[in-house]
Amino acid sequence: MRTIFYIVQKEFIQIFRDKALLTLILVVPLAQLIALIYAVNLEVKNIDFTVVDYDNTQISAELTSVFDASPIFTLIDYSHSIEEGHDLLTHGDVDMIVVIPDGFTKDLETGNSPEIQLLIDAINGTSAFLINNYARYIIGDFNQDIVIRRYPETQNSGAIDMTYSYWYNPNLDYKVFMFPGLLVILISLIGLFLAALNFVKEKEMGNVAQINVTAIKKYQFVSGKLIPFWIIGIAEFCLGLLVGKIMFHIPMLGSIWLLLLYVAVYLICILSFGLFLGAISHSQQQVMFFTFFFFLTFLILSGIFTPLETMPAWVQYVNYLNPFAYLMKVIRMILLKGSGFTDILKDFVLLVVYGVMMFIVAVKSYRKTA
Amino acid sequence: MIRVDDISKSYKTVKALKDISFSVDNGELFGIIGPDGGGKTTLMRILVSLILPDSGHALVHGLDTVKDYRKIREIIGYMPGKFSLYTDLTVMENLDFYAKVFGVSIKQNYQLIADVFDQLMPFKNRRAGHLSGGMKQKLALCCALIHKPEILFLDEPTTGVDAVSRKEFWDMIFKLRSDGMTILASTPYMDEAGRCDRVAFLQNGEIMGINSPDGMVDGFMRDVYAVKVPIHDVNRTIKALKKWDKTHLAYLFGDSIHWTPISNDFHKDVLLQYILSCGCECISIDLVPANIEDCYIHLSFERDSAYE
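As you go down the protein sequences, you meet chains S and G in turn.
Here the working numbering is used: the first residue of the first sequence is 66, the next is one more, and so on.
Here the working numbering is used: the first residue of the second sequence is 13, the next is one more, and so on.
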């Protein structure tokens, strides 16, 4: 135990001595957190559109102005033909074309179903999907308005009225969804990269040769390397939470202590992973490549941008081995849903097992003999 | 005491050590002398349990370097050839760290390192990476000694160290030996061999001879002539001597040429006549006592010619 303490002490002296590294550890991730949360915003706003109005009636003009009046859509220009609209779409001047066909009003009055065509730039599938939904919502509203105006007696005719309520993120604020994800990236970065690089640096400098002939045991050395970054990781996480609370008013419904406990286990797992990569690499280039590979793979599969449920089944199996996924899921559950211990029990147990295993692997793969 | 029995070690195609056997007595200062790439570091690393031999085994204080590596690491001090302390820690922090991980305090064993460490004192708050080469080695020695090992392994401790520091370093090693510590030191410098109780010549992974420095010299049976010629004639003279049928060996030694005849039944005037007959000038020819480097060069030559 004392030996581990001495190694930890030594590591801290080294970390605090390296002013550049210290800044990198403390300031950069937080700055990133604050800046990136605005950058990775999937909210759909300011959709420019054009209208091709072949109908040219008061109703079609009304429909156009309803679109334009919504905070999401901005009318850029009227087009005289679909081709003209296409040009605008190809040049990227508009994201959507609304085509109101000739006879739209007539169809409406005679009781035939009138049709409207929406042409949406779908390079980004997610935003196209959202634009489509918004547009349909507006058209539906408009439709109902017309019906009520023309046939007031149908107002309460028992039509089913659907209302929506978004739970856990009522305003569909993207920041609320992204913040926990970014926080996961932040502490995982520290966990994987710092631990792995630190280990390999000692190898490159030859320090390990000297350490290896001492009576220090493998688990002591690995623990001594793990603990300092574990402490830094937890501190960093708390700072991140504080920033989220103060700057972004991220809801924190569940128990923070439960979250911290979970993060503590998570960090042991991810740091052991980093140290394992450090143990099997011989140079900083090698370890950078290894960690980068795993970091990206883990991150993309973790469900930071896309819900896990929409990913193929194999990904969900692979995610049993993806530490990022464990935290990505649970941090959102605890912060946004207020999940309690029993809700996360399964993930917690799996993460503990994973963490212990990874630590053993890290210790075993560190060879004191060459 | 150290016992090495038939140790072999290969790296891919290179045979670094070929069936090495020797032993070192308790309290002995044993030198391993040989050129770079001769196998010195490999041998050291096997003895300190950092690498495993392909065959054979070694005992350090009766402990097997493979099976009992844990216990060995507790009783040895090892100073690698490459500086391996933390360059971003200060002198004091390095020493403190190594003392602590061995569970001792600096105070406890200070008398062991006092002589050297006093010289480091003015720099005690300087980072190890900013020390001069000699100071680095002194610090490394202190760190290897701080837990009071029973056996000390020094891998080329004076390589890259200036002449004054080298002398100080060996004074220190000598003092440790007189305190009863067993020391195994390797060096590429012949002049350091004379300081050891016994030396082993290690070349191409083989031991060419083991003896005390005096024993080596006493056992050397050939007469050695030191030939001084003007500098511009040195190369020409050596070439000419090598061709001569009375020559055993001719080689550059400091600022003169050392020459040994095939038979000791020889008069130096014959040598002078030959040199002059080759059109070279000659300043002086003296019969000199052989030293350890002469022994080494001859052993090395005889080994090579035995192969051919």
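One thing to keep in mind: the hints can contain errors.
[To be verified] Calculated lysine-lysine pairs in the DSBU-like style (CA-CA distance at most 30 Å, straight line):
id : chain 1 : residue 1 : chain 2 : residue 2
1  : G       : LYS27     : G       : LYS79
2  : S       : LYS266    : G       : LYS160
3  : S       : LYS283    : S       : LYS84
4  : S       : LYS429    : G       : LYS24
5  : G       : LYS94     : G       : LYS179
6  : G       : LYS94     : S       : LYS84
7  : G       : LYS83     : S       : LYS429
Just so you know, these hints were derived from the structure itself, not from any lab.
Consistency of the hints with the structure:
Between the alpha carbons of G:LYS27 and G:LYS79 the distance comes to roughly 24 Å, so the proposed pair stays at or under 30 Å and holds. Taking the CA atoms of S:LYS266 and G:LYS160, the gap is about 29 Å. The hint holds against a cut of 30 Å. Proximity of S:LYS283 to S:LYS84 is assessed by CA-CA distance (about 29 Å); at most 30 Å being required, the pair is judged to hold. Among the hinted pairs, S:LYS429 with G:LYS24 is consistent with the structure: their alpha-carbon atoms are about 25 Å apart, no more than 30 Å.
Pair hint G:LYS94 plus G:LYS179 holds up; C-alpha atoms about 20 Å apart against a cutoff of 30 Å. Proposed proximity of G:LYS94 and S:LYS84 is supported: the alpha carbons are some 27 Å apart, at most 30 Å. Only pairs whose Cα atoms come within 30 Å are accepted, and G:LYS83 paired with S:LYS429 is accepted, the gap being roughly 20 Å.
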